[in-house]
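Chemist: Chains as they are written, first to last, in numbering that gives the first Met the number 0: chain A, 0 to 252; chain B, 0 to 302.
None of these hints come from the bench; they were simulated from the model. Treat the hints with caution; some may be incorrect.
Listed next, the stretches of chain B that the computed footprint assigns to chain A, with coverage defined by at least 3 CB atoms under 8 Å from CB atoms of chain A [as the list claims (entries may be wrong)]:
id: 1; region: 185-194
id: 2; region: 199-211
id: 3; region: 230-240
By construction, the Cβ of each residue, glycine as well, lies at the ideal position given by its N, Cα and C atoms.
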Amino acid sequence: MDSDIKIRAENVNFYYSETHVLKDISLDIYANQVTAIIGPSGCGKSTFIRLLNRMNDLIPGARMQGEILLDGKDIYSPRTDVVELRRRVGMVFQKPNPFPKTVFENIAYGLIINGIRDRAFIRDRVKQSLKKAAIYEEVQNRLNENALMLSGGQQQRICIARCIAVEPEVILFDEPCASLDPISTRKIEELILELKKDYTIVIVTHNMQQAARVSDFTAFLYLGEVIEFGPTSKIFTVPEKKMTEQYLAGRFG
Amino acid sequence: MQDKSLLQNKDMLVYKTHSMKGKDISQGLGFMLLVLCTGTALVFLGSIIYFITIRGIRVISWEFITDVPRMAMMKGGVAPAIIGTFYLTLVSISFAFPLGLACAIYLTEYSPKGTIINIIRLSINNLAGVPSIVFGLFGFAVFVNAFGFGVSILSGGLTLGIMALPGIIATSQDAILAVPQSYREASLALGATHWDTIKKVVLPAALPGILTGVILNVGRVAGETAPILFTAATFYTRGFPHSIFSEVMALPYHIYALMTEGTHPEVQTQIAYGCALILLCLVLSVSAIAIILRQRQRKMYGQ
Numbered sequence: 000m001d002s003d004i005k006i007r008a009e010n011v012n013f014y015y016s017e018t019h020v021l022k023d024i025s026l027d028i029y030a031n032q033v034t035a036i037i038g039p040s041g042c043g044k045s046t047f048i049r050l051l052n053r054m055n056d057l058i059p060g061a062r063m064q065g066e067i068l069l070d071g072k073d074i075y076s077p078r079t080d081v082v083e084l085r086r087r088v089g090m091v092f093q094k095p096n097p098f099p100k101t102v103f104e105n106i107a108y109g110l111i112i113n114g115i116r117d118r119a120f121i122r123d124r125v126k127q128s129l130k131k132a133a134i135y136e137e138v139q140n141r142l143n144e145n146a147l148m149l150s151g152g153q154q155q156r157i158c159i160a161r162c163i164a165v166e167p168e169v170i171l172f173d174e175p176c177a178s179l180d181p182i183s184t185r186k187i188e189e190l191i192l193e194l195k196k197d198y199t200i201v202i203v204t205h206n207m208q209q210a211a212r213v214s215d216f217t218a219f220l221y222l223g224e225v226i227e228f229g230p231t232s233k234i235f236t237v238p239e240k241k242m243t244e245q246y247l248a249g250r251f252g
Numbered sequence: 000m001q002d003k004s005l006l007q008n009k010d011m012l013v014y015k016t017h018s019m020k021g022k023d024i025s026q027g028l029g030f031m032l033l034v035l036c037t038g039t040a041l042v043f044l045g046s047i048i049y050f051i052t053i054r055g056i057r058v059i060s061w062e063f064i065t066d067v068p069r070m071a072m073m074k075g076g077v078a079p080a081i082i083g084t085f086y087l088t089l090v091s092i093s094f095a096f097p098l099g100l101a102c103a104i105y106l107t108e109y110s111p112k113g114t115i116i117n118i119i120r121l122s123i124n125n126l127a128g129v130p131s132i133v134f135g136l137f138g139f140a141v142f143v144n145a146f147g148f149g150v151s152i153l154s155g156g157l158t159l160g161i162m163a164l165p166g167i168i169a170t171s172q173d174a175i176l177a178v179p180q181s182y183r184e185a186s187l188a189l190g191a192t193h194w195d196t197i198k199k200v201v202l203p204a205a206l207p208g209i210l211t212g213v214i215l216n217v218g219r220v221a222g223e224t225a226p227i228l229f230t231a232a233t234f235y236t237r238g239f240p241h242s243i244f245s246e247v248m249a250l251p252y253h254i255y256a257l258m259t260e261g262t263h264p265e266v267q268t269q270i271a272y273g274c275a276l277i278l279l280c281l282v283l284s285v286s287a288i289a290i291i292l293r294q295r296q297r298k299m300y301g302q
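Make a model of the complete structure from these sequences and hints.
Modeler: Shown next as structure tokens:
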């Protein structure tokens with residue numbers, strides 16, 4: 000079982016200057032599974048997911064303790080190449096954020112900054128990535144249009160394709176459907192289920208039904224602590240903690 | 000008890016309607032005052048353009064724009080002054096644009112926050128407040144004498160460039176800061192380095208704003224007289240400048256010289272208005288380019 004653990008968080012504490020936002024979090028994320036992180040607003044779920052590719056490094060005055068291991072190696076050790084880590088652990092953000100460039104340039108961006116110059120290869124990879132992100136049919140004739148001209152749901156799938164193009168091992172989804180309509184949301188959810196064959200997926204969501212639909216494991220966070228973590232089927236049917244049950248029943252949050 | 004409270008309510012009602020009337024009047028007055036002030040500002044701008052055009056248009060001809068001055072400025076044209084202003088502007092842009100942009104990138108993307116950086120920012124802003132004649136003296140001391148460039152296009156262009164620098168840095172900083180943080184995050188999350196992100200995402204997105212700032216600031220200093228007074232300008236050259244070390248005629252200085260020197264004020268004044276009209280057209284068309292660039296940027300972000 001241990002070999003299937005892709006990411007292991009051990010006793011992670013995180014502070015924004017004086018505020019203690021994550022308290023002693025330990026969590027295992029299994030390879031080729033979807034792990035959902037749920038909890039009410041402000042519980043630290045976005046903060047946690049952003050630790051997994053060190054996006055929180057950008058925040059001045061932030062401090063982290065504990066260990067996060069990717070394939071057994073501490074990603075916060077001084078020897079870690081952050082740029083390489085972020086290539087291996089991709090991220091899709093809450094608000095679709097394509098660059099103000101063409102669709103093609105958006106997908107090709109990650110390849111070009113990683114030093115790939117072979118045009119035929121790039122063209123091929125862009126096409127594959129768009130197909131994997133289930134957006135190719137819709138944009139195949141619009142590759143040279145500004146990506147900002149697409150709808151919100153299409154933009155989000157462009158962002159997923161952009162992420163896939165650099166062949167990450169893990170994809171982090173930070174509330175990817177928060178700004179999308181139900182139809183786009185369904186498409187993204189179907190896509191996540193498809194993607195888990197090839198990638199390890201962590202998804203933060205405030206939508207409990209979404210967690211139930213897409214995830215294999217669920218972690219329930221409350222006020223910076225993991226209240227309960229386990230297989231989604233178990234958490235949603237026979238939760239161990241009373242607080243989990245109350246949250247899932249919609250009594251608070 | 001009941002009656003008293005009713006009475007109080009009635010008082011309040013009266014008070015309220017009364018105050019509403021007062022507010023209406025003061026609001027109306029305030030509005031009128033604002034319209035009046037805006038109108039006055041417009042009248043000034045309009046009358047400047049009007050008088051310069053009316054007086055300047057008389058002497059403007061193809062010959063005036065393309066020929067060299069003849070017969071002690073009485074005949075011929077002012078082409079060397081137009082060309083001179085163009086060269087000075089070109090030198091100042093090529094100097095101030097890369098330098099100002101590099102400063103802005105450092106200050107926004109790299110510099111650590113703290114006292115020293117605040118002092119640097121403050122100094123740059125204060126540079127904008129230095130009187131233009133002081134820039135002229137500085138250029139004379141440093142470029143003309145110390146560096147030995149002499150009175151030349153190079154000395155004048157560099158002096159103008161330094162004068163445009165604070166404005167260029169300020170507007171470039173604004174343009175860079177206006178690039179949404181989400182673009183930077185998206186780029187970094189794909190495994191881009193900070194420099195890659197700046198080069199390939201931040202700068203392209205900020206470029207229209209940066210160019211607008213550069214154009215406006217260079218356009219502003221291109222019309223300055225004092226900085227080129229001792230560093231570049233001369234009243235008369237036989238033809239066009241042949242190197243970057245030549246002294247040049249320039250439109251703003253030419254106007255100044257026509258109004259203060261020479262022996263035929265009545266003819267010279269007319270030529271000065273012609274020069275002023277050309278200068279005005281040049282500066283306004285430069286601003287127009289900046290406005291078009293800004294519009295294009297807005298379109299790009301779908302605003």
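Chemist: Run every hint past the structure and note whether it holds.
Modeler: Now the hints, each set against the structure:
1. 185-194: holds (count 8)
2. 199-211: holds (count 4)
3. 230-240: Violated - the region 230-240 of chain B has 0 residues with a Cβ nearer than 8 Å to chain A, which falls short of three.
Violated hint for the displayed structure: number 3, the only one.
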